[in-house]
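Each chain, letter by letter, is given below.
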Amino acid sequence: MANDKVDVVIVGAGASGSVFAAVLAKAGKKAVLLEAGPDWQLDDLISSDIWGRRIKPAGPPFLLEGKNPYGYVYQAGWGTGGAALHYFANFPRLLPNDFKVKSTYGKGLDWPIDYADIAPYWDKVADDVGVSGDAKAEEIWRPPGKPYPMPPMRTFPGGDAWKKGFEALGMRLTPAAVGINSTTFKGRPACIYDGWCHVGCPIGALSNPLVTYLAEARQAAAEVRPYATVTRVLTSADGAKATGVEYYDANKQKQVQEASVVVLAAWSAQNPRIMLSSATDKHPDGLANSSGLVGKYLTAHFASGTSALFDEDLQPYMGTIAAQYFSYDLYDKDAHKGKGAFGSTFMVAGAAARYSALGGVANARLDLFGAELAAFMKRAARSYTRLNAFAEEMPAIDNRIELASDKDEFGMPLGKITHSFNDEAVALFNANFDKGVEIAKATGAKEVWPNKGPMPTIHLMGGTIMGKTAGDSVTDSFGQTHEIGNLWIAGPGIFPTSGAPNPTYTILALSLRGAEQLAKNWGSVAG
Amino acid sequence: MDEIERRAFMKGAAIGALAFSVGGAEVMLTPRQARAQGVVLRTLTADQAATLDAMGETLVPGATEAGITHFVDQQISIPPEQALLEARIMNVKPPFANFYRAALGAIDGASSARYGGRNFAQLAGNEQHEFVDLMRQNKLDGWKGPAAGFVYFLLRSDAVDVVYGTMDGYAHLGVPYQPHIAPTRSW
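First to last, the protein sequences are chains A and B.
Numbering follows my numbering, in which position 135 of the first sequence is assigned residue number 130; successive positions increment by one, without gaps.
Numbering follows my numbering, in which position 90 of the second sequence is assigned residue number 132; successive positions increment by one, without gaps.
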């Protein structure tokens, strides 16, 4: 079934798709967002780690392989807001040393842009969605920028406990920049520090897309179609232009949505899957893939967590799931060079504790069960806190997404994600445990241990990397594919390297930069 | 609007209980209530339920009474996109019932091989503890099914969910639950 042609069809109503929708709808374009999951409302967001699993997919549409298989579903979004409906809202930036890794160290890749190209958009996003923090304090690590629109969040003993350890080692912490309201902001209330951010904030204090860019897009008449699963991007007979998308609607009926511009904003895994599934005789290896790089150079973060118990009542249940403090003191790519490691580390301290589920206190001692677990839970309930060291792996072409031979219910090939960490990443993972324990011991905590286990895969970036030419990349720095001018990619898939910080702030900034570029050049881009 | 008002302002949306079938009608109950009322299981067999009860209790004391078996049984009997299980977010391929059948079968198979034909529920407490300690380390001979360590992780998570992941669980630990939108009382 065909629908009336629109100006832009956006695949995915998460963080990046919502930015494109808001910018383009406000520029007068008829925008349709096709979202594979439900259209969540704020009052769906129950404060429960059990009920919070509803806002993630039910099983991955990917086969997961490699030495460190990618933990897809925990990270993914399903429904409006996407993964940013359950994100932690830490809003750190990349640093200048993230953009020329290949040129500087002979490893990884270079970005085609620099810190200064994105900096104004981080500032714009802060004013758009609301960021709390101390920008001036962060200047010990980064170039100056605009102040954040809100002061830092309140802190609690579970965060403050780490300050002594950092000071003892001559390391620095600043108030964490977070996309959460420390005061009322644009009619949205201030946070009440209940710690339920990660299952969806229903009061709008946390800047999830439902209350920021997606709300703006809807106000500007963008249309959201939930339960719309896109299977192909359609192209013109000569292969030069995208003409729209094919999708299956809530009744599992095939639909076609023609559009002048197609924006793929379905995350780093699904975008390449759709592009590879859209092969034609003019694009036999998938769309925008003459370089063979669609699906390649996936990157994930990993985190080395350190736990500590104190004698004091830390009120660990108070706060937000985002950090209270953060530190870039180990951000030099060679900070752990002596241990065979390479890559930046970004440290966060003082997230509110939950007691069940993947990141809960019970999983801080996965070796315990039975009476020993029960005793630990009682002991930790009011005395537990955690430090997390997030770190980066270098992009490797073998970390990739391909099509599998198995198909989903719509006949679309499943994807296969292959992911392995290299030796330098493993060394960085281990070095950060050593450093975390060293810091924790210096706090005076009565019990300290590293949360060692299988190396986790956190966030997902790459797969449709940006670059200067069609020979070395899939898109330009705005997300416009080199080969099909009206096919754009939004989201972390265009990151050539990941840096170490949480990616959403940069996703929003790059999406804003890309969407404004698209709006400005609409006449020459639209098909 | 003060903090208390804001915290409570959406309480009317509370929908925490699960739908269990009682006498042909759908009734909203917590798993603990469903167990106490003897609600008939939909998917798990009696043997599988006995194994899950025993495993849940070995992993987290209180899990049996908190209704781990009714929780899992109800969850694997509904469409996967409605499921609230940890299996959902750990990349287990739906239908989730397949994973639980395979996992519980592997537990009893390995238990039977190690302890002279006795299923896990028939073991003494010290034997159950020994078995689980080997299971979590992938050190059980004769294990046939999903990786033993992964089964340990997911069943432990289910047990933690029903014991500690609820409002009652937080109260038991002496920490405030502080919901914006509360699941129904006790769940």
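These aren't lab readings, by the way, just hints derived from the structure by calculation.
Be careful, since some hints might not be right.
[Unchecked claim] Chain B side only, calculated, beta carbon under 10 Å to chain A, not exhaustive: (1) D150; (2) D175; (3) W185.
[As the list claims (entries may be wrong)] Anything over 10 Å on all C-beta distances counts as not near chain B; from chain A, calculated: (4) D38; (5) S43; (6) D44; (7) R48; (8) K51; (9) G54; (10) L59; (11) P64; (12) D189; (13) D362; (14) K373.
[What the hints assert, rightly or not] Pair ranges (Cβ atoms, derived): (15) G158/B / K159/A: 31 to 41 Å; (16) D183/B / E367/A: 20 to 30 Å; (17) G191/B / I392/A: 53 to 63 Å; (18) D175/B / D429/A: 41 to 51 Å.
Backbone N, C-alpha and C fix where the C-beta goes; we use that ideal spot for every residue, glycine too.
In rising order, the numbers of the hints this structure does not comply with
1, 3, 4, 5, 6, 7, 8, 9, 10, 11, 12, 13, 14, 15, 17, 18
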